[in-house]
Amino acid sequence: MNSEMWAEHMAHWKQFLIERLSSINDIGERVKIERQLKVIEQVKYAAVLNPKLLIEFINPSDTPSIEADCGDFFLTLNESQQKAVKSALGDCCLSLIQGPPGTGKTQVIAEICLQLYRQNPNVRILVCSETHIAVNNLITRISEHNEDIRIVRIRDKEQNSEVDEYSPESIMRTYIEWLRENCKIDDIVDVITNTISNYQDISLEKALALSANIVGMTCNRVGAYAFYSSNEMFDVAIIDEACKATLPEILMPLTVAKKAILVGDPKQLPPVFCSEEIEIIRSIDNCNLLNFMYIDELFLRSKNVTFLNKQYRMIDQIGDLINRLFYSGKLINGRNEEAEDSIIWIDYVPTQTWPLNEMDIEGKQKIYNLNECEIINKVIMNLDTESRNGTSVAIISPYKHQVLMSRKLLQTESLRNLYINIDSVDGFQGKECDVVIFSLTRTVGSFRFLADERRLNVALSRARDKLIIIGNLDYTVRNSLLKAVSAASKIQLYDEQFSLMAE
Amino acid sequence: MKIKFDFTLSQRFGVVERTVFELVLRGMTSANQITSIMWVFSDEVIASAFQKLVNLQILCADLETQTLALSEPVQALIEKCWENSFDLEMQDNLNHLMLDDRLIIDDPKTKAVIIAQLLPGVKLGFLINSLDFCISVGGEGDE
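Line by line, the protein sequences give chains A and B.
According to the numbering used here, the first sequence holds residues 1 to 503 in order.
According to the numbering used here, the second sequence holds residues 1001 to 1143 in order.
Hints are not guaranteed to be accurate.
[Claimed, not checked] Using C-beta positions, here's what the derived DEER-type ranges look like: (1) A:Leu-300 with B:Gln-1011: 44 to 50 angstroms; (2) A:Lys-258 with B:Arg-1026: 36 to 42 angstroms; (3) B:Lys-1109 with A:Arg-282: 24 to 30 angstroms; (4) B:Thr-1065 with A:Ser-229: 47 to 53 angstroms; (5) A:Lys-258 with B:Ala-1069: 50 to 56 angstroms; (6) B:Glu-1072 with A:Asp-69: 18 to 24 angstroms; (7) B:Ser-1030 with A:Asn-231: 52 to 58 angstroms; (8) A:Ile-284 with B:Arg-1026: 34 to 40 angstroms; (9) B:Glu-1044 with A:Ile-284: 18 to 24 angstroms; (10) B:Lys-1109 with A:Glu-8: 44 to 50 angstroms; (11) A:Glu-165 with B:Ile-1078: 38 to 44 angstroms; (12) A:Glu-8 with B:Ala-1069: 56 to 62 angstroms; (13) A:Lys-258 with B:Thr-1065: 52 to 58 angstroms.
[What the hints assert, rightly or not] Per the computed footprint, the stretches of chain B lying under chain A, defined by three or more beta-carbons under 8 angstroms from a beta-carbon of chain A, are: (14) 1043-1050; (15) 1055-1065.
Worth flagging that the hints you see were computed from the coordinates, not collected in a lab.
We put the CB at the ideal spot given by N, CA and C, even for glycine.
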């Protein structure tokens, strides 16, 4: 990107964040925005620990990096995964990995960390993501393969027990227990215990982060610490789900690392702005924050992008659909399992048009569909009868009121075999289930949100074995993408005696 | 009112530096021993803490024996705090700021006055940002 465009884009971000800051009261949100504003200033003046990385990020070089010779791999990797690891460990300070759904991004990141640790047992890797869940998944995976690696997970809000042992609190608890058992001088034990227990700032977290091989935190959290000197610089920052993070969020880890590896998929969901944020963006002259994502542009332009081309999540029929619609035939199936009727489209005749003209307390239309809720209930009952015990089922919809309505109306008490998760499509990115029920919800109106290519890619690629789409065909065939999905599905018409097995 | 002075490291120091300082204060002077007992932090982090404490003249280091000790000014301040008690008119409006009969002083000007009182004629201005003082009620005969 030329420097004028970059400066203008950053100026738009700054203006947006300043206006957003003045419109919110939530302390947590304000802190996040203040950190983002700070990083924009840092980047503006190149006040970062490795300016070379920043330059490569803004203006990627035209020459592809020289791949590293990794020797043996710790994990079982396919060819494209091996290439991604070699490229990431190569001589370029910025490399990108595009990972479509189910292609083993986490496996690749874990291998990169293990390789880096083998090369240098004192290596310091910052593992970041826009969400806590993604960071937790990564840390859990890495810790499965090497017990000697020192890991710290900062601010684990989800209370995921698998990664709790890496929280600063848990690490210090173990250390103090060790001290009590191994140090014979009580005075020394008391001094250390009291000093550590009475810390009131974030210096303990920072000291542990600087002492660990792998530090996991959200991108935003990186902005909480002041990393002053090059001694404190991380050897590598790995940013997972990079395409779902905003530019200021991505910049935070980039300011404190020698080298960065960005992992994401520009074909899946971008960062989502809430309606208040959209309003602010629209009020800024010539502001393109809604339709221009710099990170997508980087994936297009960089010579150091590796495409993970084999997916292991979805059964062939679903994988083929995703490949054809969203990845131009470049994605191959790794499971190589076929089953009949893996994609089912349940058509129905709506009793009225949905959504109703009903507003929520914020004055926005409540988009839900009671016909589809009824069908979901019926489908769940059928699935429970025919599924093996422990089958995971996700019910997803693009619309939050349909999610709320489904949660309210679904009768789960009598279920014997299913684990149900009900969420929005956006909330379910990064997760997977055996069966996914996708409620399209609308029978009238705009396709802009519902059939957005990136949202649809996420919605259709969450299921391992079976995808059930519920939608009124008369309405949906007017959209080319949804029409193509219905053409690849087995169509069933819902009536009151409906059974999933029925034609 | 009889009062005594005491001090701690100021907020510019993090938890690792504070722990190292407390250990040296209690007689653990071997750098290797400190590094080994504080294994939860990396050698680099502990080395940075040593460096900061030495650069700011809180500790001094003997490279040959790989030991640390309190710097002369800090040692002198400790001795003066220990030996001396002072008569001070505490204003009523300060009483409500006292916690457990102690008043924390982090105002640089007041700290400079306290240092000058403890070690008159010695220029220790460089310690002002590194130390926070506290005034505690009670003097000779109270301990």
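Here's how the hints hold up against the structure:
no. : hint                                          : verdict
1   : A:Leu-300 with B:Gln-1011: 44 to 50 angstroms : holds (47 angstroms)
2   : A:Lys-258 with B:Arg-1026: 36 to 42 angstroms : holds (39 angstroms)
3   : B:Lys-1109 with A:Arg-282: 24 to 30 angstroms : violated (52 angstroms)
4   : B:Thr-1065 with A:Ser-229: 47 to 53 angstroms : violated (28 angstroms)
5   : A:Lys-258 with B:Ala-1069: 50 to 56 angstroms : violated (36 angstroms)
6   : B:Glu-1072 with A:Asp-69: 18 to 24 angstroms  : violated (55 angstroms)
7   : B:Ser-1030 with A:Asn-231: 52 to 58 angstroms : violated (23 angstroms)
8   : A:Ile-284 with B:Arg-1026: 34 to 40 angstroms : violated (59 angstroms)
9   : B:Glu-1044 with A:Ile-284: 18 to 24 angstroms : violated (44 angstroms)
10  : B:Lys-1109 with A:Glu-8: 44 to 50 angstroms   : holds (47 angstroms)
11  : A:Glu-165 with B:Ile-1078: 38 to 44 angstroms : holds (40 angstroms)
12  : A:Glu-8 with B:Ala-1069: 56 to 62 angstroms   : holds (57 angstroms)
13  : A:Lys-258 with B:Thr-1065: 52 to 58 angstroms : violated (36 angstroms)
14  : 1043-1050                                     : holds (count 3)
15  : 1055-1065                                     : violated (count 0)
In terms of the numbered hints stated before, the structure departs from hints 3, 4, 5, 6, 7, 8, 9, 13, 15, listed from lowest to highest.
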